[in-house]
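One-letter residues, chain by chain:
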Amino acid sequence: MENEDIEIKLVLKAIQLKHGYDFSNYATASMKRRLKKNLEEAGLKTMSEMIPLIIYDKEFFNLFLHNLSVNVTEMFRDPPFFLSIRRQVIPYLKTYPFIKIWAAGSSTGEEVYSLAILLKEEGISEKCIIYATDFNENVLEIARKGIYPAQDIRKHTTNYQQAGGKESFVSYYHADYNSVIFDNSLKNNIVFANHNLVTDGVFGEMNIIICRNVLIYFNKKLQDQVLYLFNESLRINGFLCLGSRETLDFSPNASLYIPVNKNLKIYQKKKSNLSTGSRSI
Amino acid sequence: MTIKTDTKKQMLIKAVVIGVSAGGFKALHRILPLFDNSFPIPVMIVQHRKAENDSFFVNSLKEKCHIHVEEAIDKTRIAQGRIYIAPGGYHLLVEKDLSLALSVDSPVCYCRPSIDVLFESAADAFGPNIIGIILTGANADGANGIKAIKSSGGITIVQNPKTADVDYMPLAAIKTNAVDHILELDEIPRFVNNLVIGSN
Numbered sequence: 001m002e003n004e005d006i007e008i009k010l011v012l013k014a015i016q017l018k019h020g021y022d023f024s025n026y027a028t029a030s031m032k033r034r035l036k037k038n039l040e041e042a043g044l045k046t047m048s049e050m051i052p053l054i055i056y057d058k059e060f061f062n063l064f065l066h067n068l069s070v071n072v073t074e075m076f077r078d079p080p081f082f083l084s085i086r087r088q089v090i091p092y093l094k095t096y097p098f099i100k101i102w103a104a105g106s107s108t109g110e111e112v113y114s115l116a117i118l119l120k121e122e123g124i125s126e127k128c129i130i131y132a133t134d135f136n137e138n139v140l141e142i143a144r145k146g147i148y149p150a151q152d153i154r155k156h157t158t159n160y161q162q163a164g165g166k167e168s169f170v171s172y173y174h175a176d177y178n179s180v181i182f183d184n185s186l187k188n189n190i191v192f193a194n195h196n197l198v199t200d201g202v203f204g205e206m207n208i209i210i211c212r213n214v215l216i217y218f219n220k221k222l223q224d225q226v227l228y229l230f231n232e233s234l235r236i237n238g239f240l241c242l243g244s245r246e247t248l249d250f251s252p253n254a255s256l257y258i259p260v261n262k263n264l265k266i267y268q269k270k271k272s273n274l275s276t277g278s279r280s281i
Numbered sequence: 282m283t284i285k286t287d288t289k290k291q292m293l294i295k296a297v298v299i300g301v302s303a304g305g306f307k308a309l310h311r312i313l314p315l316f317d318n319s320f321p322i323p324v325m326i327v328q329h330r331k332a333e334n335d336s337f338f339v340n341s342l343k344e345k346c347h348i349h350v351e352e353a354i355d356k357t358r359i360a361q362g363r364i365y366i367a368p369g370g371y372h373l374l375v376e377k378d379l380s381l382a383l384s385v386d387s388p389v390c391y392c393r394p395s396i397d398v399l400f401e402s403a404a405d406a407f408g409p410n411i412i413g414i415i416l417t418g419a420n421a422d423g424a425n426g427i428k429a430i431k432s433s434g435g436i437t438i439v440q441n442p443k444t445a446d447v448d449y450m451p452l453a454a455i456k457t458n459a460v461d462h463i464l465e466l467d468e469i470p471r472f473v474n475n476l477v478i479g480s481n
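If you're matching them up, the sequences are chains A and B in order.
Each residue of the first sequence is one higher than the one before, counting from 1 in my numbering.
Each residue of the second sequence is one higher than the one before, counting from 282 in my numbering.
Excised from the complex, chain A in its bound form:
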C-alpha cells in the first residue's frame, strides 16, 4: 500500500474515533481529492499532519467536515426528473390517503422545497409528509431556514418552468437584496431530521425515497448497504429515485424493482424481498 493511502486510512479512522462519522466506505478517488484540497487549504504537506488537528482543533474540524461533504444542489435540479415525478408518479400517489416521502441526503434543502412546491401544485400537500434528512447539522440548519442566495434565482426559475411549474415561481418566495426566503407554508409538511445513511436505520415506511447523487460518494459495499436500507424502508409499489447517472442494476436488490423511467432512474418496488416471490398489482 502506498504511504498516502495508509495516511488516508488513518485520517478517516481518527475522524471516526473522535467524532463518530464513518467515511471508511466512501468512494476512494473523490474522497482523496477532497482530503488533498483540505490539506492544501491548511498549508500542510502530508495527510497525517491533519490527524492532530482533527482530534484537538474543533474549528479546523468543522471546516474540514464542511469541505468533505458535497453540497451541490439547486431548485428543480434536472427538470425532466421533476416533470416525470409530476406526470408518472404523482397520479399514482393521488390514490393513497396518506403519502410519506423520504428525501435522503437532502443537503441544503433546495430539492425538498422543489418537491413541496410540486406537491402543492398537484393539490396533495395536505396528505403528504416529507422527511428531509442529512447527517450534517450545518446543511440541515440551512435547509430549515429556507433562505438562499438571490443570485441563483434566475437558474431556479428556469428549472421550475422546465419542470412543468404551473404558477409564477416568484409567488413562492420573498426576495431581499441578496437572498430569497421560501414561503413558510411550504414547510408545513416537511420534517427536517438528522439521519446518517451509513450508521442509522429504518424510521418509517415510505411511498417515495429520493436520493439523487448521494450514492456516487459511497463505495460499492456501502451503496449496497444503503440500497438495502432503502428497500427495507419502502412500501410495495413505492418509488425509489436515484441520480440520472446512478443505477440499481449492480445491486442485489435490482430484481425487486421495475424502471418507471429508465433514463431518469425512477424505479418502483414490485416485490418485498428475493425469497417471497412476486406480488405485483
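Derived by calculation from the structure, the hints in this document are not laboratory data.
Treat the hints with caution; some may be incorrect.
Stated by the list, open to error - Derived lysine-lysine pairs resembling DSSO-like cross-links, with alpha carbons at most 27 Å apart:
hint	chain 1	residue 1	chain 2	residue 2
1	B	K345	A	K45
2	A	K100	A	K269
3	A	K262	A	K155
4	A	K269	A	K13
5	B	K431	A	K32
6	A	K94	A	K221
7	B	K331	A	K155
8	B	K331	A	K262
9	B	K345	A	K32
10	A	K13	A	K166
11	B	K345	A	K262
12	A	K269	B	K345
13	A	K45	A	K94
14	A	K100	A	K32
15	B	K331	A	K45
16	A	K36	B	K431
17	A	K221	B	K377
18	B	K345	A	K9
Let chain A serve as the given structure and place chain B on it in line with the hints.
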C-alpha cells in the same frame, strides 16, 4: 513531430484517457472512428460540455465508432475495448479496483467534468500503464492531469497546437514539460494503436 525520444522500456498499456474542450466534437469524430473494434483496452474521455445537451454528442459518436461507446454510469466495472464518456455535469474518476466513479464536487478550472480529475485518478489507478492525450481546447484544464500521468510513469501525448482548432489547452499541457509526444490529430490513432498493440 516528437520532442523527446522515448528511451523508456516498453510498458504494458492498460488504458487511454483523452481530454478535450473547444473543438472537441470535430476532433473526436475524426479520430475515434479510426480505432477498430479489436482495440483491446478501455478509453475514458472528458469532453467539456454543458449538462443539458446530453444525448446528442454520445449518440453521434456511437453511430460513427467501431468500438462500443457509452456515457459513464457510476460503479461500472471498466471493460476492455470500450469508450466511456464523462456525463455532462459530473466529474468522471477511476477507482483503484478499476471501476468508474462519478462526483458532483466543485468544478475544477471552471469545468465539471474536469480533465484533471479524470487524469489524476486514472494515474493513481493505472500507474505507469496508461496513455494520456490532450486535444484542442481553450482552457488550462488537463495540464495538471498530464503532469500526474507523467510522474506516475505513463505516456503523454498532445495534439500539435499549431494545427489544433484552439491551441490554448495543448500549449498549457506542453508548458508543464511533461509531454512525451506532440502529434498531428490524424497521426494519433495509429500512434496509440502501435503503442497499445506493441505492448499487449
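Outcome of the hint check:
1. B:K345 <-> A:K45: 47 Å, violated
2. A:K100 <-> A:K269: This hinted pair holds, its Cα atoms lying about 15 Å apart.
3. A:K262 <-> A:K155: 26 Å, holds
4. A:K269 <-> A:K13: 36 Å, violated
5. B:K431 <-> A:K32: Holds, at about 19 Å.
6. A:K94 <-> A:K221: Judged against 27 Å, a Cα distance of about 36 Å means the pair is violated.
7. B:K331 <-> A:K155: 14 Å, holds
8. B:K331 <-> A:K262: Holds: K331 of chain B and K262 of chain A sit about 22 Å apart, inside 27 Å.
9. B:K345 <-> A:K32: 36 Å, violated
10. A:K13 <-> A:K166: Distance ~49 Å between K13 of chain A and K166 of chain A Cα, so the pair is violated.
11. B:K345 <-> A:K262: Cα-Cα ~25 Å, so holds.
12. A:K269 <-> B:K345: 38 Å, violated
13. A:K45 <-> A:K94: 57 Å, violated
14. A:K100 <-> A:K32: Distance of about 36 Å is beyond 27 Å: violated.
15. B:K331 <-> A:K45: 35 Å, violated
16. A:K36 <-> B:K431: 19 Å, holds
17. A:K221 <-> B:K377: 15 Å, holds
18. B:K345 <-> A:K9: Measuring from Cα to Cα gives roughly 44 Å; hence the hint is violated.
The structure is inconsistent with the numbered hints 1, 4, 6, 9, 10, 12, 13, 14, 15 and 18, although it conforms to all the rest.
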